[in-house]
Amino acid sequence: MELATPPNTPAQPVILTPLVRLLRFCARWIDWIVAIVLVISSAPVGFVISGAPLVLPHPNFADDSWMVDIVYKATSGTWLGRDVVFTYGILYQWIIAVPSRVVGFSLGTARQLPENVLLALTIIITFGISKLLLSSAPAWKRALFLILAVGFFGTYWTFIARTSAELSTFAIFLVCVDHVLKGKMRVGVASSLMAIASISAFMLSADTGIYSVLAFLIVLGTFTILAWNSRNQLLLVLKIGIASTTCFAALAVLVNTLLNRRPFAFQFLRDAFAIVSTYRWIETTPIAKQDAWFAACVAAVGFLTMLLAWHWRDNTSTALTRRSSFLLSAPVFAFAMLQTGLVRADWYHISVALYPIIVFVLMILLGSGPLRPTPSILLPLLAIAGSSVLAGPSGLLNLRVMVQNYQIARSTNCPSEEFSYLDRTCFGLPQGEIIKRTTPYLQEHTQPKDLLLIYPYENEFGDAARRQVAGGVLQNYLVGGQYLIRRQLQGLEKQRPAYGLYFVDNKMVWQIDGISNFSRTPEVWLYMQSHYRAQDEIISGVFAIVRDDSRAARIYQKASSLPRLRGSSRVTHDAETIDIGAVDWPEGADFLKLKMTVGYPVTWKLRKASELSMFLQLADGSVKQVNLVIPPNVPTEVWLYPWEETDLSTFLSFSELDWHTGKRPPVTRVQLYIKRHDWYSQLPTSVTVQEADAVRLEMN
Amino acid sequence: MTATSGGTTWRLRKDWIPAALSAIALLAVATFSRRAEWSEPPRVSAVTRGVSKLRVPVGAKVVGFVDYVAAVPDKEALGKLNLTARGWSASCVPGTTIVSVAAVIDGKAVAETKQFSERPDVSAAYDQAEFLRSGWNLWFSLEKDSIRGHALSFRAVNSKGDSQELPSVKFDLTSSADR
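Chains A and V are the protein sequences, given in the same order. Residue 0 is where the first sequence starts when you use numbering that gives the first Met the number 0, and the numbers rise one by one after that. Residue 0 is where the second sequence starts when you use numbering that gives the first Met the number 0, and the numbers rise one by one after that.
None of these hints come from the bench; they were simulated from the model. Treat the hints with care, since some could be wrong.
[To be verified] The calculated DSSO-like cross-link candidates involving lysine-lysine, where the alpha carbons are at most 30 Å apart (straight line), are:
| id | chain 1 | residue 1 | chain 2 | residue 2 |
| --- | --- | --- | --- | --- |
| 1 | V | Lys79 | A | Lys594 |
| 2 | V | Lys113 | A | Lys662 |
| 3 | A | Lys662 | V | Lys159 |
| 4 | A | Lys662 | A | Lys594 |
[To be verified] Stretch-level coverage of chain V by chain A, calculated; a stretch enters the list once three of its residues show a Cβ under 8 Å from a Cβ in chain A:
| id | segment |
| --- | --- |
| 5 | 64-71 |
| 6 | 111-122 |
| 7 | 156-166 |
Quick caveat, the model's predicted, so the values are computed rather than measured. Ideal Cβ positions, reconstructed from N, Cα and C, are used throughout, including at glycine.
Between the sequences and the hints, there should be enough to build the whole structure, so can you do that?
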């Protein structure tokens, strides 16, 4: 369809020239313009210039802590992947720490500015993906794609930036292989680009790295299937596979050498695998019914759209998204990425897990190539309608929010007396009061170069006092499996922090997923107990602890065997209670220690572990429930404190006389309750208790 | 339409119509959409009414439910059954709380608990913060003979003395007693 008027139309007045040129320029560069406008409009100029505090009505010292702490660590030369293990890698740390290095570190800037950087990164990466996969589409379609993808679904920037990076590795692999097969790119160039993308993904985060490997396999697999009848093409795919794997190995050696000075230790890769391998048993949560329905509907419509697109595929099209290679590999990759939301199935993770499906569907609708007039009008409208049915526009598309970002005249006070101000942050009470009390205490009692031990996970408290938090793993709740336990304890033993903070489980300190912090990481708690003693209770439930190496030699565990708890039971159905057995609880014992194995069929590796709760029946008729995370098929020492978790603080006392106090009715029976989180959970097949002891901690 | 100036001719390309319509549609959505942002979890709908907000029945003084009842033969004491029951119970009378939940056989209490744990799912389902500490667990042993042919029920009592037999999941203790 040509809408231009015949050539004999009278010329327009010359005065229109600048407007015409401007329109022409905008039409040509609209994708760039939109990307730049989105980045600029979301920049926190007002926050940076005004010096106004960040307002956190409900401080979350678990998640806020990792973000603030990795920024603080970056500003003082401690790097993820080299010095500390965490889900994220050195590249992610470097990126989010840039603003704080420029404007100066404070709790407020370290919490707020990474979000803005990650939003900008998401916009840039999504724009890059559109340039790669919608290269043949007009600029306005790429602009529309960017607005819909980021403006409607690009929430949770800390996470979506990572997902965007995973999608970008997929796009890079797809385009590189496609270009090689079409003779537009050399194998060496393509392989190098693919290897750089993959190693960067690993340096961004462990998950991103693993997903990049998955994308690599899916893309190569797809092209292998499609080139099956052409020996030359098959050979090229094989060459790309070998060359990019070799390049990746070479880059991995290089990165290892730079980070760890040991070329073949592959420590950062091993760390990444260790973190990812715990995901299916340490971070499992159930899916809510309404979330499951919603996600299933979105996924079904998404995959149906991809199926229809497959039906109308056109391998001669200039649009990559119309061709078999994209239409075969994209659904497989999107399906694989649903894992993120199925294992830890809260809405936060589900919404991010659905993002790849949404992105691919938008690409199909907007990257359809040359079409007849009706579909060329309908498909973009369908993309807009579909997006607006699923979600409303985010603040990124809200003019008022954009203007607010540039509002420099801001109050530097907290909104009300319900907040406590510290270091450019207004913390909601009562949590705000805790950090406000601990900060001067730490500054007064420690030197700037002193390291701190923080238990269980509130690293932000160390950063508030401008003290480094020690340990081989960033936060204790990630310490799962022998490798990470060893890394954490080696880190603590090497750094030997002189002081620390111990937060007792109570209403202020989350038990993440309802799991006692002691039972989650007993090894770390026992290390702390045997190397530190409480110096002060700064505020109720928060103890200042000081290193006392003499304790390690003086403290010992006195174990009394509980043979009646040993045995093996088969798990036959969901929501089953297994009677571990009756207990003759020795007087004065402090802990129940079980060496046990929860046996799962091999399919758990594709699903997620079940919910495990130990019920300890006590002599006074009460019951203590302890939720557990236990690695499947691995004999594991499970430590349980049968009474109030707050009493655990007494074990940090310098005198043993304080340790065994409080109301402690004996344990009379132990049962294990096993329940699948949801349909995706794998039910164990057996539970075996190899050893059972009642343990008393004593000190010479 | 053609605009000519200084020898430069700009001809609107054929995709200006979908581009313009898309821009208008996008602007309309951005301006008028009242849908929640993507970060908001889906709302409970008729489809998922199984988890929708629940209402306390009019006039009820004590509410609750027995979620789970199981019996396991005692490994060491032949003829005995170890029973586990879990559920929740809350008082609907302002200013009162549940003080006890008892397992009852033939009108006689055979076990009782006065300890309650947090049940955020219950308080969320009823949208009642007062229902948070409503969870209970009961553990008790019974002779197998005391189960056969008898009905086991659970009764909750609030601090004002109002009591209510709690509805329960279906359970069959006879087969456990016969094992």
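Evaluation of the provided hints:
1. V/Lys79 / A/Lys594: 28 Å, holds
2. V/Lys113 / A/Lys662: Cα-Cα ~16 Å, so holds.
3. A/Lys662 / V/Lys159: Holds, at roughly 28 Å.
4. A/Lys662 / A/Lys594: 26 Å, holds
5. 64-71: holds (count 3)
6. 111-122: holds (count 4)
7. 156-166: Not satisfied, violated; 0 residues make the cut.
Violated hint: 7 only; the structure is consistent with all others.
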